[in-house]
Structures are given as C-alpha cells and as structure tokens.
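Let the sequences and hints guide you as you build the complete structure.
Number of protein chains: 2
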Amino acid sequence: MHLSSLAKAKKTKPDMEGAKNIYKQIPISKTDGTPAYSFRVFTIEPGGHTPHHTHPFEHLNYIIEGHGMVKAQDAEYEIKKGDFAMILPNEPHQYRNTSESKPLIMICAVPKEYE
Amino acid sequence: MHLSSLAKAKKTKPDMEGAKNIYKQIPISKTDGTPAYSFRVFTIEPGGHTPHHTHPFEHLNYIIEGHGMVKAQDAEYEIKKGDFAMILPNEPHQYRNTSESKPLIMICAVPKEYE
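For the record, the sequence lines run as chains U and F. Just so you know, this note's numbering puts 31 at position 31 of the first sequence, and the rest follows in order with no gaps. Just so you know, this note's numbering puts 59 at position 59 of the second sequence, and the rest follows in order with no gaps.
Watch out, some of these pointers could steer you wrong.
To be verified - No more than 25 Å apart at the CA atoms, straight line, and that leaves these computed lysine to any residue pairs for SDA-like:
#1 F:Lys81 to U:Ala72
#2 U:Lys11 to F:Lys80
#3 U:Lys81 to U:Ser101
#4 U:Lys10 to U:Arg96
#5 U:Lys112 to F:Ala72
#6 F:Lys80 to U:Pro35
#7 F:Lys102 to F:Glu17
#8 F:Lys71 to F:Ile22
#9 U:Lys20 to U:Leu6
#10 U:Lys8 to F:Glu17
Unchecked claim - Using C-beta positions, here's what the derived DEER-type ranges look like:
#11 F:Glu91 to U:His52: 26 to 34 Å
#12 F:Thr54 to U:Glu78: 20 to 28 Å
#13 U:Thr31 to F:Pro56: 17 to 25 Å
#14 U:Pro92 to F:Pro89: 30 to 38 Å
#15 U:Glu113 to F:Asp32: 19 to 27 Å
#16 F:Pro51 to U:Lys80: 32 to 40 Å
#17 U:Glu17 to F:Asp74: 45 to 53 Å
Calculated from the structure, these hints are not laboratory results. Don't be surprised by glycine CBs; every beta carbon is placed ideally from N, CA and C.
Written out as structure tokens, the structure is:
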C-alpha cells in the first residue's frame, strides 16, 4: 500500500527541449515499488506546451483540470477535464494549454521502465 | 490515439459479491488497443463500498471526486480528491465512500490482462 497526494508531491520543472511552462510530479513510480506502471502528473501553465516528440512507449492520460489540445500524428484534438487519452508507442504527440488563465493538469501514466 | 470522456463512457453496475452501490466505466482497455495497462473508473455512491477481497494484480488509483476510506492489509486510510493510492498484488483491500451525500469517484488502473 502506497498513498500520496497531488498537493504534497514534489513539483519540478523538467529540462526537456521543446517544453514550455510545464511542471512535473511523480505520485507513483518504480521507487515506490509499482509492479508495472507509473503515474506522473504534468501541469502546463497558460501558454505552455510539452515537446512535440515521439518515444517507444505509450501515454495513458486523464485530464484533472483545465483544457487544451493534443496533437497526435497529423490531427489535433480538444481535451478537457474528465477526458482520457491514449497515445500509442512511437506516435508523435504534443499537449498544449489553450487557456489564457487556467493550468492544464493531467495524469500521464507510463511503463515503470520510463519513470 | 484514442480519446474518451468520463461523461460519455458507458456506466454499468458490476455483479460482484460484496459490492454495494458501485458503478463502473472503462475509458481505456485492451479493446481500445492499450499496450499494457487499462483505466477503469468506479463511482461509489454514499453508503457504498467495493468487495473486501484480494487478487494477483495491483491497483493504481486516483481519486477524482469525493472522499472515503481504503482498507489495506490491517489498516484503514483516508482518501480524498487529489490522492493517489497503490494496492500491491495479493494485498487485501476495500474502498468505502464515507460521505452521506457525495459520490466517491476514482480511477482504478490495472494490467490489461484484467480489463
């Protein structure tokens, strides 16, 4: 049994090329003994975005707060609080906050090998 | 890329011995092509609970709304909106809604072999 809260999880600013105004928390990871999967949380401030990139593992997302866009392959999709998204391995993708005032906060779950 | 929303995901009442006033949604599962992990959402109405049971796979939880208790091994822990919990494989557990008026809504992620 492992418990953590978003309010108390350490917040860091990831050093990733192409990222703007994003913060990361890691409530469940391999260091907590997770068997297979980890939960990170990204906060994307207004005007911010993740890199437009690709990698060999998937993302499972849940939008906790706010709204924005996710670009995947050649299309863009609106995402908002209460939405789930799955990005497949090797699928190019980028998340952007399209609000002028509110953060976009989302769970981004990945295999534990990557977090 | 797969998108779904909690508001539109089909809601069913699971037929599980020991469960009371719970509803299930499955926004991301093996039928959507998830590589390794699935996201279910349980809504536990006031007075409701999941079975007190055990199984050979883990749960990764995020509390979307409400508050309640999770029993794991011999202890009980308070859980509320914004909390994350990890139940390890073969760890006895039960979730209960302790509110008299509000639902407890949580993500319950599991390996895709189980959903």
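Going down the list of hints, with the structure as the test:
no., hint, in the structure
1, F:Lys81 to U:Ala72, "violated (30 Å)"
2, U:Lys11 to F:Lys80, "holds (20 Å)"
3, U:Lys81 to U:Ser101, "holds (15 Å)"
4, U:Lys10 to U:Arg96, "holds (22 Å)"
5, U:Lys112 to F:Ala72, "holds (23 Å)"
6, F:Lys80 to U:Pro35, "holds (24 Å)"
7, F:Lys102 to F:Glu17, "holds (23 Å)"
8, F:Lys71 to F:Ile22, "holds (17 Å)"
9, U:Lys20 to U:Leu6, "holds (21 Å)"
10, U:Lys8 to F:Glu17, "violated (36 Å)"
11, F:Glu91 to U:His52: 26 to 34 Å, "violated (40 Å)"
12, F:Thr54 to U:Glu78: 20 to 28 Å, "violated (40 Å)"
13, U:Thr31 to F:Pro56: 17 to 25 Å, "holds (23 Å)"
14, U:Pro92 to F:Pro89: 30 to 38 Å, "holds (34 Å)"
15, U:Glu113 to F:Asp32: 19 to 27 Å, "holds (22 Å)"
16, F:Pro51 to U:Lys80: 32 to 40 Å, "holds (33 Å)"
17, U:Glu17 to F:Asp74: 45 to 53 Å, "holds (48 Å)"
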